[in-house]
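Work the whole structure out from these sequences, hints included.
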Amino acid sequence: MGHMIPDGWEAVIGLEVHCQLRTQSKIFSGAATAYGAEPNTQACAVDLALPGVLPVLNQTALRMAVTFGLAIDADIARRCVFARKHYFYPDLPKGYQISQYELPIVGKGHLDIELEDGSHQTVTKRIGITRAHMEEDAGKSLHEAYTDMTGIDLNRAGTPLIEIVSEPDIRTAAEAVAYLKKLHQIVVYLGICDGNMQEGSFRCDANVSVRKIGAEQFGTRTETKNVNSFRYVEHAIEYEIERQIDVIEAGGKIVQETRLFNPDTGETRTMRVKEDANDYRYFPDPDLLPVVVSEAQIDEIRASLPELPEAKRARFESDYGLSAYDARTLTGERALADYYETVVKVSGAEPKLCANWVSTDLLGALNKLGKDITAPPVSAEALAGLLKRIVDKTVSGKIAKDVFEAMLAGEAKGDDAADAIIEARGLVQITDESALASAIDTVLQNNPAQLADYRGGKDKLFGFFVGQVMKATQGKANPEAVNRLLKEKLVG
Amino acid sequence: MHKDSITTLAAGLRAKKFSSRELTAHFLKRIEAYDSALNSFITVTAERALAQADAADALLAKGEGGPLTGIPLAQKDIFCTEGVRTSCGSRMLDSYVAPYDATVVQKLHREAGAVMLGKTNMDEFAMGSSNETSWYGAVKNPWDVTRVPGGSSGGSATAVAAGLAPAATATDTGGSIRQPAALTHLTGIKPTYGRVSRYGMIAFASSLDQAGVLAHSAEDAAWVLQSMSGFDPRDSTSAERPVDDLLASLNQPVKGLRIGLPKEYFTDGLDAGVRERVEAAVKVFESLGAMVTEISLPNAPLSVPTYYVVAPAEASSNLSRYDGVRYGHRAEGAKNLEELYRRSRAEGFGAEVQRRIMIGTYVLSHGYYDAYYLQAQKVRRLICDDFRRAYEQVDLILGPTTQAPAFKLGDKTDDPVSMYLNDIYTIAANLAGIPAMSIPCGLADGLPVGLHLMGNYFDEARLLGAAHQYQQTTDFHTQWPRGFE
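Note that the protein sequences, when read in sequence, are chains E and B.
Position 284 of the first sequence, counted from 1, bears residue number 283 in numbering that gives the first Met the number 0, the numbering being contiguous throughout.
Position 16 of the second sequence, counted from 1, bears residue number 15 in numbering that gives the first Met the number 0, the numbering being contiguous throughout.
Be careful, since some hints might not be right.
Unchecked claim - Looking from chain B toward chain E, a few residues come up when the C-beta cut is under 7 angstroms (computed):
hint, residue
1, Ala101
2, Gly199
3, Ile201
4, Ser205
5, Ser206
6, Asp234
7, Arg320
8, Val324
9, Tyr361
10, Leu363
11, His365
As the list claims (entries may be wrong) - With beta-carbon atoms standing in for the labels, derived distance ranges:
hint, chain 1, residue 1, chain 2, residue 2, range
12, B, Met357, E, Glu101, 21 to 27 angstroms
13, B, Val283, E, Asn39, 55 to 61 angstroms
14, B, Thr266, E, Gln23, 56 to 62 angstroms
15, E, Asp278, B, Lys28, 50 to 56 angstroms
16, B, Pro66, E, Gln23, 36 to 42 angstroms
17, B, Ala330, E, Asp245, 41 to 47 angstroms
18, B, Met357, E, Glu143, 33 to 39 angstroms
19, E, Asp245, B, Ala345, 24 to 30 angstroms
20, B, Gln471, E, Asp278, 54 to 60 angstroms
21, E, Gln23, B, Arg387, 38 to 44 angstroms
In short, the hints are calculated from the structure, not lab data.
All residues carry an ideal CB built from backbone N, CA and C; glycine is no exception.
Listed below in structure tokens is the structure:
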């Protein structure tokens with residue numbers, strides 16, 4: 000995987016991530032933020048920038064931004080300021096974007112990413128986060144559907160964003176992807192972003208430059224815009240590194256510019272050069288007072304922070320005795336971790352058993368069905384209901400797999416689906432020893448030759464008798480009891 | 000009826016001496032008779048006004064309604080009015096019908112029950128001191144129709160001064176209520192920044208804009224301001240504090256009031272006739288028991304240059320939204336986006352608005368921001384500090400509202416700087432955000448002279464009280480321009 004950077008060169012990468020906050024309403028108006036509505040049905044007077052309207056800050060958006068800052072261990076500004084960033088474009092109704100410039104809400108923080116080194120060892124690298132600021136999203140220009148015209152959809156205008164700016168600490172495309180995945184995991188964990196990259200809820204601009212190893216100065220950087228999947232980010236950065244090195248090695252110079260990634264070709268191309276860049280004429284927005292965040296507010300938000308992936312992983316290892324691998328898998332997404340913990344709690348089964356079921360059977364099923372853990376085909380309570388029946392020996396682990404398949408197929412619904420299926424299919428395990436004993440007797444009577452061979456020293460035939468008993472009981476016999484009783488009877 | 004106070008009119012309505020329909024029809028008739036010469040209204044909403052009057056009469060018949068129920072008022076055309084053209088004096092918004100009411104409109108007409116006669120003329124986007132920058136043409140001063148009524152609220156001033164409306168709303172960014180009040184012999188008040196909601200009031204310079212009233216007396220102004228004021232959750236800069244009872248405090252005696260006269264406001268540029276009237280007014284306050292001392296506002300002379308950085312900077316930003324894309328003037332036949340923007344704005348905005356957009360864009364530009372915008376903000380802080388210090392010694396600051404009475408139409412249109420100097424005494428109050436008013440203090444060569452009163456933050460009650468006491472012992476506010484009695 001991945002292209003190697005040629006010897007003697009290194010890349011310097013910084014990422015800007017735009018993360019849509021999961022608020023009900025927009026950052027400065029009461030209009031809804033839901034994705035996919037008919038064009039311009041979710042744009043009110045404020046979003047349309049009608050004459051006379053004024054912005055009012057959505058306090059939930061502020062809270063989410065602070066939540067993010069605390070999660071990356073950043074400085075939270077006790078006083079931050081909204082500024083206007085000016086440029087003319089039809090999907091920017093006011094002719095300026097309300098953003099933050101000199102005094103952002105979130106200051107310096109950091110994120111630790113884990114990378115595999117050459118020998119499959121995991122190494123941790125700390126990536127600095129310069130700042131994160133609140134701002135409003137623009138609308139969308141629709142060029143495709145019209146000839147000689149452009150459609151403007153302002154539904155997205157005013158959707159709250161935080162822009163998260165990393166330090167130029169990233170050196171490879173793989174590191175960039177690891178950083179983005181970690182960031183994505185955290186904002187989704189925090190519940191402040193839905194993380195949907197196709198819908199643009201989590202977008203990335205990549206600043207890339209190259210230099211000779213040992214050089215003190217950074218090279219001239221380019222910014223590649225709006226790369227909307229982890230894979231595209233990787234490809235765009237790799238392409239850009241290679242392109243820049245080629246240009247320099249051929250005696251050329253890198254131009255500071257904004258580039259666009261084309262996912263079809265895997266290439267980036269010039270969008271605008273620096274000379275064309277707007278003078279944004281930032282100044283503090285006089286319609287919005289400086290935002291003051293109190294110590295009490297910060298303490299309260301800190302106290303309500305959800306457990307973050309790393310802490311959860313450590314707890315899963317210590318509290319449930321899970322392997323590092325299982326703990327990592329199960330804490331990959333907050334919804335999965337919650338699912339797992341519900342299964343453990345409701346079933347009362349061994350945490351390890353629950354982990355196997357969730358990470359193997361459930362995740363396997365999700366994969367196969369193309370479903371997401373947030374909408375699982377079998378609820379945590381229903382899976383717990385099944386595991387309870389393993390614990391109380393109503394069914395064997397093997398029969399349980401069949402029951403699970405039936406649950407996936409929708410044979411019964413609800414938290415007690417497992418019981419309903421076990422009942423309907425008559426799968427209750429036979430633990431009644433007299434019933435098992437008579438079944439064993441019948442098997443021994445019907446197979447006198449094998450019995451004689453066994454008693455003559457052919458120990459391997461034990462498996463044959465187990466199989467016959469299971470067959471006679473349609474698999475419902477308690478395997479443990481069968482083993483024990485069979486041993487007694489075979490001795491004769 | 001047009002010479003009666005709002006107090007008298009409200010009492011007459013309640014005593015059934017006349018109905019709101021009769022009262023409204025009276026003013027509509029006067030508008031019809033006089034306004035073709037004065038040009039104070041951009042839009043007269045006669046039918047709507049009569050319908051509102053009928054609704055008011057129905058309420059009054061039941062003994063219901065608020066303090067202003069059935070009282071006709073005029074709205075400056077900067078306030079958005081649902082279903083009525085809201086032009087802001089600009090070709091850009093000539094065809095613009097607002098889909099919602101400004102908070103001020105909501106409070107006065109929907110809550111307090113006032114009747115809206117129409118929308119008054121104004122300098123384009125409130126940028127001007129003579130009402131000559133309006134797309135709808137200049138407004139005449141009823142005291143001398145060859146002269147300007149001041150601006151930007153020139154239409155509201157002329158409408159009230161000529162008896163075409165009992166009172167009118169207005170806005171003041173650098174003097175746009177007080178200077179027209181002075182030039183047309185009216186009482187005009189600009190309250191503390193944040194006292195009246197800016198929601199639905201088309202922005203010129205957001206940190207300076209404040210709505211207020213033009214009326215014949217402090218008492219009338221108090222009636223209207225009382226109903227306009229108050230916190231509005233839709234305006235983040237509106238003040239979350241209760242509104243004082245402005246009418247109850249009108250009778251506070253002046254005795255013991257500490258009045259400061261800033262020496263910087265009585266300099267050589269001041270017209271002799273204006274100086275004489277203002278000094279006489281100060282004597283009246285002394286005779287009422289006020290203690291008058293000279294004070295200093297050392298940074299006051301920096302007000303005009305500071306203002307002409309801050310206000311255009313904010314204006315250049317606020318007016319970015321007028322791009323011809325969603326509403327307002329759109330140039331025809333533009334071949335591309337760039338041309339659409341350029342031509343729509345060049346055609347839609349007049350020369351003064353374009354000048355201020357250019358100045359504002361310049362002072363915010365990369366490389367100039369620190370030298371202009373940031374520096375201006377620092378001086379603004381110094382001006383605020385001057386007032387803070389002054390209000391430790393005095394309760395009110397008095398001076399002239401303008402350097403000279405109304406000038407001739409066309410006199411200053413070619414000289415923007417001389418036009419800008421009209422607001423030399425009024426601008427500091429906007430930069431500091433303090434309340435201020437202008438009241439009539441006599442005529443100089445037959446033209447009105449205004450006395451400027453500035454108060455401490457949220458001290459509108461004391462300001463109006465002092466003005467009212469002055470008006471109890473003088474009769475300048477009852478003088479009427481000839482031909483409009």
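Right, here's what the structure says about each hint:
With 7 angstroms as the threshold, the beta carbon of Ala101(B) comes within range of chain E, its nearest partner Cβ sitting at about 6 angstroms, so the hint holds. Checking Gly199(B) against chain E by beta carbon gives a least distance of about 4 angstroms; that is within 7 angstroms, so the hint holds. For the restraint placing Ile201(B) at the interface with chain E, the shortest Cβ-Cβ distance is roughly 5 angstroms, inside the 7 angstroms limit, so the hint holds. The beta carbon of Ser205(B) is positioned within 7 angstroms of a beta carbon in chain E (closest approach about 4 angstroms), and the interface hint is therefore held.
The criterion of a C-beta within 7 angstroms of any C-beta in chain E is met by Ser206(B), whose closest approach is roughly 4 angstroms, and the hint holds. The beta carbon of Asp234(B) comes within 5 angstroms of a beta carbon in chain E, closer than 7 angstroms, and the hint placing it at the interface holds. Against a cut-off of 7 angstroms between C-beta atoms, the interface hint on Arg320(B) holds, since the closest Cβ of chain E lies about 4 angstroms away. The restraint placing Val324(B) at the interface with chain E holds, with a minimum CB-CB distance near 5 angstroms, inside the 7 angstroms limit.
For Tyr361(B), the shortest C-beta to C-beta distance to chain E is roughly 10 angstroms, which exceeds 7 angstroms, and the interface hint is violated. For Leu363(B), the shortest C-beta to C-beta distance to chain E is roughly 4 angstroms, which falls under 7 angstroms, so the interface hint holds. Hint status for His365(B): holds, given a least beta-carbon distance of 5 angstroms to chain E, under 7 angstroms. At about 25 angstroms, the beta-carbon gap between Met357(B) and Glu101(E) stays in the expected band of 21 to 27 angstroms.
For Val283(B) and Asn39(E), the Cβ-Cβ distance of about 60 angstroms falls inside the hinted range of 55 to 61 angstroms, so the restraint holds. With their beta carbons about 58 angstroms apart, Thr266(B) and Gln23(E) fall inside the hinted range of 56 to 62 angstroms. Asp278(E) and Lys28(B) have their C-beta atoms about 54 angstroms apart, which keeps the hinted 50 to 56 angstroms range intact. Taken as a hint, the range 36 to 42 angstroms holds for the pair Pro66(B) and Gln23(E), whose Cβ atoms sit roughly 39 angstroms apart.
Judged by the Cβ atoms, the range 41 to 47 angstroms given for Ala330(B) and Asp245(E) holds: they are separated by roughly 46 angstroms. Remark: the range hint 33 to 39 angstroms for Met357(B) to Glu143(E) is upheld by a beta-carbon distance near 37 angstroms. Judged by the Cβ atoms, the range 24 to 30 angstroms given for Asp245(E) and Ala345(B) is violated: they are separated by roughly 46 angstroms. A hinted range of 54 to 60 angstroms holds for the C-beta pair Gln471(B) and Asp278(E), which are about 56 angstroms apart.
Checking the proposed 38 to 44 angstroms range against Gln23(E) and Arg387(B) shows it holds: the Cβ atoms sit about 42 angstroms from each other.
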